[in-house]
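Each chain, written out:
There are 2 protein chains.
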Amino acid sequence: MPHPKRVDMSESPGDDAAGETRTADTRERIMEATFRAVSEHGYADLRMRDIGAEMDLSRQVIHYHYDGKYDLLSSFLEYVIEQYEGSVEVEPGTDPKAELDARIDRCLLGPEFDEFSHWDRMKVYHELFAYAQNDDEHRAIFNDHYDHIRDSIVTVVEAGIAAGDFRDVDADLMGQLLTDVIHAARARRLALGHEDAPAEARRAIDEFVYESLLG
Amino acid sequence: MPHPKRVDMSESPGDDAAGETRTADTRERIMEATFRAVSEHGYADLRMRDIGAEMDLSRQVIHYHYDGKYDLLSSFLEYVIEQYEGSVEVEPGTDPKAELDARIDRCLLGPEFDEFSHWDRMKVYHELFAYAQNDDEHRAIFNDHYDHIRDSIVTVVEAGIAAGDFRDVDADLMGQLLTDVIHAARARRLALGHEDAPAEARRAIDEFVYESLLG
Numbered sequence: 001m002p003h004p005k006r007v008d009m010s011e012s013p014g015d016d017a018a019g020e021t022r023t024a025d026t027r028e029r030i031m032e033a034t035f036r037a038v039s040e041h042g043y044a045d046l047r048m049r050d051i052g053a054e055m056d057l058s059r060q061v062i063h064y065h066y067d068g069k070y071d072l073l074s075s076f077l078e079y080v081i082e083q084y085e086g087s088v089e090v091e092p093g094t095d096p097k098a099e100l101d102a103r104i105d106r107c108l109l110g111p112e113f114d115e116f117s118h119w120d121r122m123k124v125y126h127e128l129f130a131y132a133q134n135d136d137e138h139r140a141i142f143n144d145h146y147d148h149i150r151d152s153i154v155t156v157v158e159a160g161i162a163a164g165d166f167r168d169v170d171a172d173l174m175g176q177l178l179t180d181v182i183h184a185a186r187a188r189r190l191a192l193g194h195e196d197a198p199a200e201a202r203r204a205i206d207e208f209v210y211e212s213l214l215g
Numbered sequence: 216m217p218h219p220k221r222v223d224m225s226e227s228p229g230d231d232a233a234g235e236t237r238t239a240d241t242r243e244r245i246m247e248a249t250f251r252a253v254s255e256h257g258y259a260d261l262r263m264r265d266i267g268a269e270m271d272l273s274r275q276v277i278h279y280h281y282d283g284k285y286d287l288l289s290s291f292l293e294y295v296i297e298q299y300e301g302s303v304e305v306e307p308g309t310d311p312k313a314e315l316d317a318r319i320d321r322c323l324l325g326p327e328f329d330e331f332s333h334w335d336r337m338k339v340y341h342e343l344f345a346y347a348q349n350d351d352e353h354r355a356i357f358n359d360h361y362d363h364i365r366d367s368i369v370t371v372v373e374a375g376i377a378a379g380d381f382r383d384v385d386a387d388l389m390g391q392l393l394t395d396v397i398h399a400a401r402a403r404r405l406a407l408g409h410e411d412a413p414a415e416a417r418r419a420i421d422e423f424v425y426e427s428l429l430g
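Chains A and B supply the protein sequences, listed in that same order.
Just so we're aligned, residue 1 is where the first sequence starts under the working numbering, counting upward by one.
Just so we're aligned, residue 216 is where the second sequence starts under the working numbering, counting upward by one.
Keep in mind the hints are simulated off the structure, nothing from the lab.
Don't take every hint at face value.
[Unchecked claim] Some chain B residues flagged as far from chain A (calculated, every beta-carbon gap over 12 Å):
1. R242
2. E255
3. T309
4. A317
5. L324
6. F331
7. K338
8. A355
9. N358
10. D380
11. D385
12. G390
13. R401
14. D411
15. I420
[Stated by the list, open to error] Derived coverage of chain B by chain A (criterion: at least 3 residues anywhere in the stretch with Cβ under 8 Å from a Cβ of chain A; other residues may be distant):
16. 256 to 265
17. 341 to 347
18. 366 to 374
The beta carbon of each residue, even a glycine, is placed where N, CA and C say it ideally should be.
Bound conformation, chain A alone:
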């Protein structure tokens, strides 16, 4: 989370609600500038000045909101993840198979964004993911997010078993397998440039994994 060190005086004070909106706006502008900078320069070579160059705010605003590059990048990782939380909306009464399909497709293909596509965002996510092996704080953030995705799949598998729609499989293991396949297909599309990887993964799940689930 960003932690403003003092009240933002760069615009007229206004009431508290307006102040909070301004801070949220500023945070979003810094985060989107970070997207542009990481997309262009990569994570390894990123400098604070690259982020400043992508903004129409003064660079001092970054230093005012964040204690250096690492603090900014940790907030940035949480910001990227937040955009995916709760992005799957399922109508009440949807059957488990349809919900599972929707969740898998959303993870594989992503929601739509105004600026920067799902794949632009995933490029940043996967680069930070690989780097998390050297970074306990980022690793913990990714673990929370990974658990969240896997658990949302496990929950719908359990619901399908309870409803008699799915066979009585090990739901945790099935949820983990599906999460792994989704993650690998995204990584392969990004790192190796295999544009068809998500569609192939979807087809492989339908042909080879659903048989165990649906009988």
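Since chain A is already given, all that's left is putting chain B on it; use the hints.
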């Protein structure tokens, strides 16, 4: 490949065979020093001097064999991959199911090394893999290696179908799925610290994927 700019004169000349052995030894010592340096500092922060600090040879030897950090890291990537090529030996007459199991286990769990475990080596591999999205030359090297692994699995699936041991599935899609699951489990163990990821992936393949293959 490394490209010595001139004959190595750091030891007594000897004949050509001895000279080649010396060059190969020197290359291996530089590559293993690079392993130690990348393991310690990570890929993003690596400096040539870090590699020099891990060697009992003079740093000039590195500059003598490689045109800078990028050239060295490209050779290093090929060196890491070479260690895995041909590492699965299958007895003639082994049935396709046993060969497939052996190949999956080798990819998941790795061969044994004298120095640096499979996971130390995979940590470097996966970090370079993530950065390949910014690097066409490294991406091409990884694509060759990825094709090689997937093709070795597709070949044994095809052999099993021809022998009547496996059902008549889409062998390419099955090979791709298995390669993706292996890759994801390795990435998850490394980036998220899930020590059980390879064993979970093995169990998920046995429980949920083999059913489609074996009927």
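Minimum Cβ distance from B/R242 to chain A greater than 12 Å, as the annotation requires: Its Cβ never comes within 12 Å of chain A, the nearest being 25 Å, so this holds.
Are all beta-carbon distances from B/D380 to chain A longer than 12 Å? 16 Å, holds
Has the segment 256 to 265 of chain B got at least three residues whose CB is nearer than 8 Å to a CB belonging to chain A? Coverage by chain A holds for the segment 256 to 265 of chain B (4 residues, Cβ < 8 Å).
In terms of beta carbon proximity below 8 Å, does the segment 341 to 347 of chain B have 3 or more residues touching chain A? Three-residue rule met by the segment 341 to 347 of chain B, so holds; n is 6.
Should the label of B/N358 as a non-interface residue stand, given a Cβ cut-off of 12 Å to chain A? 5 Å, violated
Classify the label on B/E255 as holds or violated, using whether its beta-carbon is more than 12 Å from each beta-carbon of chain A. Check fails; 10 Å does not lie beyond 12 Å.
Beyond 12 Å from each Cβ of chain A, as asserted for B/A355: 9 Å, violated
B/A317 non-interfacial with respect to chain A [C-beta, more than 12 Å]: 20 Å, holds
Taking the minimum C-beta separation from B/T309 to chain A, is that value above 12 Å? 23 Å, holds
Could you check that no beta carbon of chain A comes within 12 Å of the beta carbon of B/I420? 8 Å, violated
Quick check for students: does the CB of B/D385 sit more than 12 Å from each CB in chain A? 7 Å, violated
Say whether it holds or is violated: B/D411 keeps its Cβ farther than 12 Å from all Cβ of chain A. 10 Å, violated
When each numbered hint is compared with the structure, violations occur for hints 2, 7, 8, 9, 11, 12, 13, 14, 15 and 18.
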